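Asker: Sequence:
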Amino acid sequence: MNELNIDFYKQNSIIVAKNLLGKKIERIHQDGTYNLYTITATEAYLGEEDKACHASKGRTARTEVMFQRGGLIYVYLIYGIHWMLNIVTGDLNSPQAVLICGLDNIRGSGRIGKLLKIDKSFYGEDITKSNRIKIYDAPIIEKFDQLPRKGINYAGTEWINKLWRFEANYSNFNT
DNA sequence: CCAGTGATCAGG
DNA sequence: CTGATCACTGGA
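In this text, residue positions in the first sequence follow numbering that gives the first Met the number 0: the first is 0, and each later residue adds one.
Don't take every hint at face value.
Below are the DSS-like pairs computed for lysine-lysine, each with C-alpha atoms no more than 25 Å apart in a straight line [claimed, not checked]:
#, residue 1, residue 2
1, Lys113, Lys23
2, Lys17, Lys133
3, Lys9, Lys128
4, Lys9, Lys133
5, Lys56, Lys142
6, Lys128, Lys50
7, Lys161, Lys9
8, Lys142, Lys161
9, Lys133, Lys50
10, Lys149, Lys119
11, Lys50, Lys116
12, Lys23, Lys119
13, Lys128, Lys116
Everything labelled a hint here was simulated from the structure, so no lab data went into it. Just so we're clear, the structure is a prediction, and the values are computed from it rather than from any experiment.
Using the sequences plus the hints, can you model the full thing?
Answerer: Encoded structure:
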């Protein structure tokens, strides 16, 4: 299996979010054990205009990594409980990210963080170079649902109405 | 329906 | 320093 490269992540977040469906994510633990999952749901966050995107608040310590080039990992703790796993996309100074919302038949970004044992230490890590989390190429998924993003009611109707959540059908996989 | 739980950020 | 807010989940 080939790992996805920087050029893949440098595309805009909507393209990356769609094309990540069906790709394989591997988590290698310190004891040498590992797990492999299929990405089945993603959400795209696109630029400073997008009121649902954290980068719309400007460049801060937390959002800094989104202003870097694609391929870096953006993680943060939400509601004091859940670690969200995102991959930065786009080019330098074009803040974008894709949130991983589903793996195999497990749905929910909070559950994904727990499943993969994500924490602050992943912030800014280059996923194309990491030795503990990797994403491998796999055939494009043609059929998927487009839905509004979840949990962003504060962003205003224009941004709530964007269908930037992408869900593959479970039946595409042997889960 | 709503509590849990803590980092983060703007404002004094 | 304070206090509000938050890409969520699980249990009444």
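Asker: Hint compliance check: list the failing hint numbers for this structure, sorted ascending.
Answerer: Hints 5, 6, 9, 11 contradicted; others consistent.
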